[in-house]
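Engineer: Numbering (the numbering used here), first residue to last: 7 to 272.
Each hint should be verified, as a subset may be incorrect.
Restraint-style ranges between C-beta atoms, simulated for each label pair [said to hold, decoys possible]:
(1) Ile177 with Glu121: 30 to 38 Å
(2) Asp199 with Asn83: 56 to 64 Å
(3) Lys58 with Lys130: 21 to 29 Å
(4) Phe55 with Tyr197: 36 to 44 Å
(5) Glu35 with Asp219: 49 to 57 Å
Simulated from the structure, these hints should not be mistaken for lab results.
Ideal Cβ positions, reconstructed from N, Cα and C, are used throughout, including at glycine.
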Amino acid sequence: MSKIVLCETQEAPYPYKIEKIHRSFSSYEELCYLMEHYMIFFLMEGIDFRMKSYMKEELGIPLENDDAVQQIKEIINYRNYFTADEKQQFQQRLRTTYLYSMAKKQKMLADMYLEHHQYLSAMKGYQALKNVSGQFQAREQVQILYHLGLCQSKMFCFDEAKESFRRALAIKERREVQEAYFMISYLQGDYGDFVKDGEKISFSEERCKTIYDNIKQREEEIKDQDEFVKLKKIDYHRKKADDVLTRRLTKAVLEKWKDEYKKEII
(Lines of atoms letter the chains of each structure in order from A; the text may use other names.)
(Lines give C-alpha, C1' and ligand atoms only; values in the text may rest on other atoms or scores of the structure.)
Protein backbone atom coordinates (compact mmCIF):
# COMPACT_ATOMS: atom_id res chain seq x y z
CA MET A 7 0.00 0.00 0.00
CA SER A 8 1.48 3.35 -1.05
CA LYS A 9 1.95 6.11 1.45
CA ILE A 10 -0.21 9.10 0.56
CA VAL A 11 1.69 12.39 0.55
CA LEU A 12 -0.13 15.67 0.06
CA CYS A 13 0.90 17.59 -3.03
CA GLU A 14 0.69 21.36 -2.66
CA THR A 15 1.93 23.67 -5.38
CA GLN A 16 1.44 27.38 -5.87
CA GLU A 17 -1.33 28.48 -8.19
CA ALA A 18 -0.37 30.56 -11.23
CA PRO A 19 -1.65 34.17 -11.42
CA TYR A 20 -3.79 33.32 -14.45
CA PRO A 21 -5.09 30.03 -15.93
CA TYR A 22 -4.15 28.38 -19.20
CA LYS A 23 -7.11 27.35 -21.34
CA ILE A 24 -6.92 24.29 -23.58
CA GLU A 25 -9.34 25.36 -26.30
CA LYS A 26 -9.96 21.95 -27.83
CA ILE A 27 -11.38 20.49 -24.63
CA HIS A 28 -12.68 23.74 -23.10
CA ARG A 29 -10.76 23.14 -19.88
CA SER A 30 -8.34 25.31 -17.91
CA PHE A 31 -5.62 24.75 -15.32
CA SER A 32 -3.55 27.06 -13.16
CA SER A 33 -1.71 24.60 -10.90
CA TYR A 34 0.19 21.33 -11.11
CA GLU A 35 -2.66 19.50 -9.38
CA GLU A 36 -5.20 20.71 -11.93
CA LEU A 37 -2.90 19.72 -14.79
CA CYS A 38 -2.52 16.20 -13.37
CA TYR A 39 -6.29 15.94 -13.01
CA LEU A 40 -6.68 16.80 -16.70
CA MET A 41 -3.95 14.32 -17.62
CA GLU A 42 -5.82 11.59 -15.78
CA HIS A 43 -9.24 12.30 -17.29
CA TYR A 44 -8.17 13.42 -20.78
CA MET A 45 -5.18 11.15 -21.29
CA ILE A 46 -6.12 10.19 -24.87
CA PHE A 47 -6.23 13.89 -25.80
CA PHE A 48 -2.71 14.56 -24.53
CA LEU A 49 -1.45 11.33 -26.09
CA MET A 50 -2.88 12.17 -29.51
CA GLU A 51 -2.41 15.94 -29.53
CA GLY A 52 0.74 16.31 -27.46
CA ILE A 53 1.68 19.54 -25.69
CA ASP A 54 2.22 22.49 -27.98
CA PHE A 55 4.76 25.30 -27.63
CA ARG A 56 2.34 27.74 -25.94
CA MET A 57 1.34 25.25 -23.27
CA LYS A 58 4.97 24.22 -22.70
CA SER A 59 5.94 27.87 -22.24
CA TYR A 60 3.12 28.44 -19.74
CA MET A 61 4.07 25.34 -17.76
CA LYS A 62 7.71 26.42 -17.59
CA GLU A 63 7.17 30.11 -16.83
CA GLU A 64 4.12 29.93 -14.55
CA LEU A 65 4.32 26.47 -12.96
CA GLY A 66 8.06 25.85 -13.08
CA ILE A 67 7.65 22.60 -15.03
CA PRO A 68 10.25 22.32 -17.80
CA LEU A 69 9.59 19.66 -20.45
CA GLU A 70 12.71 18.31 -22.10
CA ASN A 71 11.01 16.01 -24.61
CA ASP A 72 8.78 16.56 -27.64
CA ASP A 73 7.36 13.03 -27.63
CA ALA A 74 3.81 12.96 -26.23
CA VAL A 75 4.33 9.81 -24.14
CA GLN A 76 7.52 11.14 -22.58
CA GLN A 77 5.89 14.51 -21.92
CA ILE A 78 3.07 12.85 -19.99
CA LYS A 79 5.56 10.78 -17.99
CA GLU A 80 7.63 13.85 -17.15
CA ILE A 81 4.55 15.64 -15.84
CA ILE A 82 3.18 12.83 -13.66
CA ASN A 83 6.64 12.20 -12.20
CA TYR A 84 7.35 15.88 -11.52
CA ARG A 85 5.65 15.90 -8.11
CA ASN A 86 3.71 13.51 -5.90
CA TYR A 87 0.14 14.17 -7.09
CA PHE A 88 -0.20 10.43 -7.70
CA THR A 89 0.71 7.76 -5.17
CA ALA A 90 3.20 5.11 -6.30
CA ASP A 91 0.38 2.64 -7.02
CA GLU A 92 -1.66 5.22 -8.91
CA LYS A 93 1.38 6.24 -10.92
CA GLN A 94 2.05 2.62 -11.87
CA GLN A 95 -1.57 2.11 -12.94
CA PHE A 96 -1.56 5.34 -14.93
CA GLN A 97 1.63 4.42 -16.77
CA GLN A 98 0.26 0.95 -17.54
CA ARG A 99 -2.88 2.51 -19.00
CA LEU A 100 -0.75 4.93 -20.99
CA ARG A 101 1.43 2.12 -22.34
CA THR A 102 -1.59 -0.03 -23.27
CA THR A 103 -3.32 2.86 -25.03
CA TYR A 104 -0.17 3.81 -26.91
CA LEU A 105 0.04 0.30 -28.40
CA TYR A 106 -3.46 0.47 -29.87
CA SER A 107 -3.80 1.02 -33.61
CA MET A 108 -4.00 4.62 -34.77
CA ALA A 109 -7.62 4.09 -35.86
CA LYS A 110 -8.61 2.84 -32.41
CA LYS A 111 -6.89 5.77 -30.73
CA GLN A 112 -8.69 8.17 -33.06
CA LYS A 113 -11.99 6.54 -32.09
CA MET A 114 -11.11 6.88 -28.40
CA LEU A 115 -10.38 10.57 -28.96
CA ALA A 116 -13.72 11.09 -30.74
CA ASP A 117 -15.50 9.17 -27.96
CA MET A 118 -13.84 11.42 -25.38
CA TYR A 119 -15.04 14.54 -27.20
CA LEU A 120 -18.58 13.13 -27.36
CA GLU A 121 -18.54 12.17 -23.67
CA HIS A 122 -17.64 15.75 -22.75
CA HIS A 123 -20.23 17.26 -25.13
CA GLN A 124 -17.67 18.57 -27.64
CA TYR A 125 -19.94 17.60 -30.53
CA LEU A 126 -18.17 19.47 -33.33
CA SER A 127 -14.77 17.95 -32.53
CA ALA A 128 -16.35 14.52 -32.06
CA MET A 129 -18.17 14.77 -35.39
CA LYS A 130 -14.95 15.57 -37.24
CA GLY A 131 -13.27 12.60 -35.59
CA TYR A 132 -16.02 10.14 -36.51
CA GLN A 133 -16.16 11.47 -40.08
CA ALA A 134 -12.45 10.75 -40.47
CA LEU A 135 -12.98 7.20 -39.18
CA LYS A 136 -15.44 6.41 -41.97
CA ASN A 137 -12.46 6.10 -44.33
CA VAL A 138 -10.89 3.34 -42.20
CA SER A 139 -14.08 1.55 -41.15
CA GLY A 140 -12.69 -1.75 -42.42
CA GLN A 141 -10.29 -1.78 -39.46
CA PHE A 142 -13.18 -2.09 -37.02
CA GLN A 143 -15.49 -4.95 -36.16
CA ALA A 144 -19.18 -4.64 -37.08
CA ARG A 145 -20.12 -3.63 -33.52
CA GLU A 146 -17.62 -0.77 -33.58
CA GLN A 147 -18.69 0.32 -37.07
CA VAL A 148 -22.27 0.60 -35.83
CA GLN A 149 -21.12 2.58 -32.81
CA ILE A 150 -19.09 5.00 -34.95
CA LEU A 151 -22.01 5.66 -37.32
CA TYR A 152 -24.45 5.96 -34.41
CA HIS A 153 -22.24 8.44 -32.59
CA LEU A 154 -21.64 10.35 -35.83
CA GLY A 155 -25.40 10.63 -36.28
CA LEU A 156 -25.82 11.94 -32.73
CA CYS A 157 -23.19 14.61 -33.36
CA GLN A 158 -24.74 15.57 -36.70
CA SER A 159 -28.09 15.91 -34.93
CA LYS A 160 -26.55 18.35 -32.46
CA MET A 161 -25.21 20.36 -35.42
CA PHE A 162 -28.72 20.45 -36.93
CA CYS A 163 -27.59 18.29 -39.88
CA PHE A 164 -30.73 16.17 -39.59
CA ASP A 165 -30.68 14.59 -43.06
CA GLU A 166 -27.02 13.63 -42.65
CA ALA A 167 -27.80 12.23 -39.20
CA LYS A 168 -30.58 10.03 -40.56
CA GLU A 169 -28.23 8.76 -43.27
CA SER A 170 -25.64 7.82 -40.63
CA PHE A 171 -28.31 6.02 -38.59
CA ARG A 172 -29.53 4.19 -41.71
CA ARG A 173 -26.00 3.04 -42.52
CA ALA A 174 -25.60 1.79 -38.96
CA LEU A 175 -28.90 -0.12 -39.16
CA ALA A 176 -27.83 -1.68 -42.46
CA ILE A 177 -24.92 -3.30 -40.60
CA LYS A 178 -26.92 -4.39 -37.57
CA GLU A 179 -30.35 -3.50 -36.22
CA ARG A 180 -29.95 -1.82 -32.86
CA ARG A 181 -32.87 -0.45 -30.90
CA GLU A 182 -31.12 2.71 -29.72
CA VAL A 183 -30.20 3.54 -33.32
CA GLN A 184 -33.79 3.07 -34.45
CA GLU A 185 -34.99 5.29 -31.61
CA ALA A 186 -32.54 8.05 -32.52
CA TYR A 187 -33.54 7.75 -36.18
CA PHE A 188 -37.25 8.17 -35.45
CA MET A 189 -36.59 10.95 -32.95
CA ILE A 190 -34.78 13.03 -35.56
CA SER A 191 -37.44 12.33 -38.17
CA TYR A 192 -40.13 13.41 -35.71
CA LEU A 193 -38.26 16.60 -34.82
CA GLN A 194 -38.36 17.56 -38.50
CA GLY A 195 -42.11 17.76 -38.09
CA ASP A 196 -43.64 16.26 -41.25
CA TYR A 197 -45.80 13.14 -40.88
CA GLY A 198 -45.50 12.13 -44.53
CA ASP A 199 -41.71 12.26 -44.39
CA PHE A 200 -41.81 10.42 -41.06
CA VAL A 201 -43.57 7.49 -42.75
CA LYS A 202 -41.16 7.59 -45.70
CA ASP A 203 -38.20 7.54 -43.31
CA GLY A 204 -39.67 4.54 -41.54
CA GLU A 205 -40.16 2.68 -44.81
CA LYS A 206 -36.50 3.26 -45.69
CA ILE A 207 -35.54 1.04 -42.74
CA SER A 208 -38.26 -1.53 -43.49
CA PHE A 209 -40.94 -0.28 -41.10
CA SER A 210 -44.46 -0.59 -42.45
CA GLU A 211 -46.70 2.46 -42.70
CA GLU A 212 -48.87 0.99 -39.95
CA ARG A 213 -45.93 0.68 -37.55
CA CYS A 214 -44.78 4.20 -38.40
CA LYS A 215 -48.26 5.55 -37.70
CA THR A 216 -48.26 3.77 -34.32
CA ILE A 217 -44.94 5.34 -33.38
CA TYR A 218 -46.03 8.78 -34.51
CA ASP A 219 -49.37 8.55 -32.68
CA ASN A 220 -47.68 7.35 -29.49
CA ILE A 221 -45.43 10.39 -29.55
CA LYS A 222 -48.31 12.75 -30.20
CA GLN A 223 -50.58 11.28 -27.50
CA ARG A 224 -47.91 11.76 -24.86
CA GLU A 225 -48.07 15.53 -25.34
CA GLU A 226 -50.94 16.17 -22.95
CA GLU A 227 -49.42 14.02 -20.23
CA ILE A 228 -46.30 16.13 -19.90
CA LYS A 229 -47.54 19.63 -20.69
CA ASP A 230 -47.22 20.74 -17.04
CA GLN A 231 -43.78 19.20 -16.51
CA ASP A 232 -40.40 20.85 -16.75
CA GLU A 233 -39.48 21.33 -20.41
CA PHE A 234 -36.03 19.91 -19.76
CA VAL A 235 -37.03 16.71 -18.01
CA LYS A 236 -34.99 13.74 -19.05
CA LEU A 237 -35.94 12.79 -22.60
CA LYS A 238 -38.00 9.64 -22.92
CA LYS A 239 -37.12 7.06 -25.52
CA ILE A 240 -39.51 5.92 -28.22
CA ASP A 241 -41.04 2.56 -27.30
CA TYR A 242 -42.29 1.60 -30.74
CA HIS A 243 -43.11 -1.97 -29.68
CA ARG A 244 -46.18 -0.84 -27.74
CA LYS A 245 -49.56 -0.04 -29.25
CA LYS A 246 -50.49 2.40 -26.49
CA ALA A 247 -48.75 5.66 -25.84
CA ASP A 248 -45.89 5.13 -23.41
CA ASP A 249 -42.76 6.97 -22.28
CA VAL A 250 -41.77 8.54 -25.58
CA LEU A 251 -40.43 11.81 -26.92
CA THR A 252 -43.22 14.30 -27.55
CA ARG A 253 -43.84 17.32 -29.67
CA ARG A 254 -44.11 19.32 -26.46
CA LEU A 255 -40.36 18.84 -25.99
CA THR A 256 -39.37 19.62 -29.58
CA LYS A 257 -38.81 23.35 -29.18
CA ALA A 258 -37.00 22.91 -25.87
CA VAL A 259 -34.73 20.22 -27.31
CA LEU A 260 -33.78 22.30 -30.34
CA GLU A 261 -33.16 25.41 -28.24
CA LYS A 262 -30.97 23.43 -25.84
CA TRP A 263 -28.94 22.01 -28.74
CA LYS A 264 -28.63 25.47 -30.28
CA ASP A 265 -27.21 26.88 -27.04
CA GLU A 266 -24.70 24.02 -26.80
CA TYR A 267 -23.70 24.52 -30.43
CA LYS A 268 -23.11 28.25 -29.91
CA LYS A 269 -20.91 27.58 -26.88
CA GLU A 270 -18.70 25.24 -28.89
CA ILE A 271 -18.19 27.38 -32.01
CA ILE A 272 -17.67 30.72 -30.26
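Engineer: All the hints need checking, so say for each whether the structure fits it.
Structural biologist: Hint by hint, here is what the structure shows:
no.	hint	verdict
1	Ile177 with Glu121: 30 to 38 Å	violated, 23 Å
2	Asp199 with Asn83: 56 to 64 Å	holds, 58 Å
3	Lys58 with Lys130: 21 to 29 Å	holds, 25 Å
4	Phe55 with Tyr197: 36 to 44 Å	violated, 55 Å
5	Glu35 with Asp219: 49 to 57 Å	holds, 55 Å
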